[in-house]
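Participant: Take a look at the letters that make up each chain.
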Amino acid sequence: MKIVKSTLVSAVTVAALGLSAQASAGTTLDAVVKKGFVQCGVSDGLPGFSYTDARGNFLGIDVDVCRGVAAALFGDASKVRFTPLTAKERFTALQSGEVDILSRNTTWTSSRDAGMGLNFTGVTYYDGQGFLVSKKLGVTSAKQLDGAAVCIQAGTTTELNLSDYFRANGMKYTPITYDKSDETVKALEAGRCDVLTSDQSQLYAQRIKLADPEAYIVLPEVISKEPLGPVVRQGDDEWFNIVRWTLFALVNAEELGITSANVENLARSSQNPDVRRMLGAEGEYGKDLRLPRDWAVKLVKQVGNYGEMFERNVGMGSELKIQRGLNALWNAGGLQYAPPIR
Amino acid sequence: MSTHAFKPDLPPPTLSVGALGWMRANLFSNWFNTALTFAALYLIWLIVPPVLSWALFDATWTGSTRDDCAAGSGACWVFIQSRFAQFMYGFYPPELRWRVDLTVVLAIVGAVPLFVRAMPKKLVYGAAYLLVYPWLAFWLLYGGLGLEIVETSQWGGLMLTLVIAVVGIAGAMPLGILLALGRRSEMPAIRVICVTFIEFWRGVPLITVLFMSSVMLPLFLPEQVTIDKLLRALIAVILFEAAYIAEVVRGGLQAIPKGQYEAARALGLGYWRMMGLVILPQALKMVIPGIVNTFIALFKDTSLVIIIGLFDLFNSIHQATVDPAWLGFAIEGYVFAALVYWIFCFGMSRYSMRLERRLHTGHKR
Amino acid sequence: MQNPASGPSVRGSMMTDPKVRAWAFQLIAIAAVLAAGWYLFHNTQSNLAQRGITSGFAFLNNSAGFGILQSLIDYTESDTYGRVFVVGLLNTLLVSVLGIAIATVIGFVIGVARLSPNWLISRLAAVYIEIFRNIPPLLQIFFWYFAVLRAMPPPRQSHELGETVFLNIRGLYLPSPGAGEGLWPFLIALAVALVASVVLVRWARARQEASGQRFPVSLGVIALLVVLPGIAAAVAGNPFVWTVPELTGFNFRGGWVVIPELVALTLALSIYTAAFIAEIVRSGIQSVSHGQTEAARSLGLRPGHTLRLVIIPQAMRVIIPPLTSQYLNLVKNSSLAAAIGYPDLVSVFAGTVLNQTGQAIETIAITMSVYLAISLSISLLMNWYNKRIALVER
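Residue numbers (the numbering used here), protein chains in the order written: chain Y, 1 to 342; chain H, 1 to 365; chain P, 1 to 394.
Bear in mind the hints are in silico, worked out from the structure with no lab data behind them.
You may find that some hints are simply not true.
As the list claims (entries may be wrong) - Derived DSBU-like pairs: lysine-lysine, alpha-carbon spacing no greater than 30 Å straight-line:
#1 H:258 x P:19
#2 Y:172 x Y:209
#3 Y:301 x Y:287
#4 H:258 x P:387
#5 Y:34 x Y:79
#6 Y:321 x Y:209
All chains, please: the whole structure from these sequences, using the hints.
Facilitator: Shown next as structure tokens:
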């Protein structure tokens, strides 16, 4: 009998633990407002993009995108909870509603956009696949990699690009596939493979995980286009718009010279009509998005503009030291371009 | 009349008593045995001294960074020391870790009377314990009602391993008993359902079940209902273990002589009373060792949650070994993990063996 | 839940008729199972439809586009997901078969050693058993892979054996045989030798039964199997052409390679499972009563024959059922391959393919059915064997 009772107890306990949040139907926005925070899917550990510090706080550019959405929506960037996801889990987690946004260095492709019930809201980082090799090998170009053993993370677009590239150049390779990017680094270090391939941004992040980063170089070739961006569920335009325009606002803020330091001053005193519109001093542009009037002020105040985000997490202000390159603004030779807020 | 004095007995030959005799009987009884003994000694000499000097004599015990270990040629236990708290609690906030400690202390203190043989009203106490403790533990670990809430994503380390194992077995027990009863039922439909359920879960690897819980379960549920990641893993573990428990309990049910069933029937007991009052108490007592063994298997299987990204003891240690600050100390990490798992599993298996001897009273013929 | 004895007033009503109640209970149970099934199916359907996820098994015909580390059949990136499935399945079977074979050998040796009259040997066996069965298999796999095999040298500093066999961190490189000029005569000679051996064994058994005289069968068989093909090779020329692995560029090419992932997985699974098998063997042998040994000895059987003809056949009856479940466990544990990147079914199909196509339900369902099928066939096979050796009572 005591066993039966203990079942009941554990069943109820378990139910209380689990079915806590968001059992309401309706649109994502309503659900998010009701529960009071944004549930954000991030990666399980990638320096610069999303990772946890020693105390378990989440940091990185992908993390900041979610904090930005929370700031725009609630005026408080801390109203966000993070779910670390493996590459394998990420799409199901979004499809099933476990997370509201998937901001996890995910490449925008047609099959993911159209066949999996997802919508990409924009591009936070223009990336491309590259190779990381030991200097000892004396390789200077990816074209010299015929016969190499290559470490890859399983189930990524990287795996497919790699095969395409070697086939196109008539070369052979041995794929060594691991579930986690950490393990690919470990394998490269141990000499299980000659070369590690991944998105270039990740290669820089992984290089600093090596015992002696100076002994490894990133080869110049970029063999693919990897536009990375946040993803939401298909068929919920309202929520899609909010995430998309949060991104655009971040880029526009940089273009207009709005920073976290001067945003409150500008909101009060700026005479530039673009700035006034964006910061809610003129017109009701937040209302169309079902956002507060001063959403962009809170956004930039709390997470900075796109440039600040970049520098802080992956740029010269970080350990990764990645150049802006393709991710510079359109008027500075890059690809980051956002439609105007008006 | 001369007295005939017996001479004292001669002592037995020195080669057949004492240490020498024992050695002759057990180690050098014939040439083959002697050869085996020397081979075994050589093997021991090959393995034990290097392992001991690596793990103990040449090891570095004090320090705070990897540089402190550069000098020693043995193991670097500084690595374990510096990450110890994380291996035990994961990312559970340091200032709240007393709650975890308290949960464990309460569990042990509360369970002690159950192991005192002379304790009166053990059953009542046990039932009360099983009724109260889970709530208390949940409240302490998760929070609410005045305690700060700690999300399950912050749970980790040995604490998470124990949570999965204990909740897994506690949830699997009742389900497993029901399944075992169903499998022995006289109603064909019930039997088929139970057999199918049991054989399905026993036929697939736990990894695929965990995969299923992490990538498929969300698709099975209505929209907007989401389940905590840890809870999903727990559900998978419970369903999986229930099938194994069911087979263990079935063994016990089969060992109860038919007379017991007939006697219970003759007393006019219905099915549930017969099972609850007569059969199950005997059957469960008989299969306690089997259940402990299932629990040991489950305890080892908890390490698989690494596949779905939960930070149990093993995953915490594995993650620490890829930390650039501590690269190259994988062996220390794995040895430490192995030691912790080993202590738990070995302890429980000894306990199960003792129980087996103590409970080996019933229907022995 | 009415107690029939305590309620004479309702006796005879429909509710208390055990047959009616049994029927009703079963109908309710079936209905509940069907309802639960329908509920899950319905949810899944509507979720898939609403989120625009394509379903069905058509993706199996699409081209995979990724490479696989080890494949027992020809495989290139342009092959289909269906072929990826076959590759993964064969890799799973390979590691299972190797693991079962090695675990059985180690397990029997340790199990017999555990009962050795030699105190030291029996203690050592006990230590082996207690250490390895109480550590999670996943941990053991990681240990062999990350701690032991990672200590191998890089390709350019390989350990080598006569410039034909090489061992380094990338694996064990062996020469591979190809068809030589004398291949067919060699194979024919081998077949003839096999048939002759069977005939010899039968003849020897018949003679022993008729006259009691024994014939050194094993010697005869070995002689046949060595001499006949040897003559064929000498006459018709070398049956095989060996391709020796060669260091070109980054890696060795040519020959066979045993990858470290396979070694780590097989080692860990065999060592872990062997600890359990040893205990099974020990209790099996102990279950044969000592009187059997004494009876055999008094009939004049030598110790070797006693063990082989009297003890083992009886012990096997006790050993087979738990041994079967250990084999099943090993097959299921082989799915831990995913953790170290050995391309087994779970790793390449339920992992990579799932991720590339997003077809979670289909891939997991296929994977689970494969394991179910393997489990069921091993159980059936072992049940058949168990029945064959079961005690035939008069």
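Participant: Tell me, in ascending order, the numbers of any earlier hints that this structure violates.
Facilitator: Hints that this structure does not satisfy do not exist here, as all of them hold.
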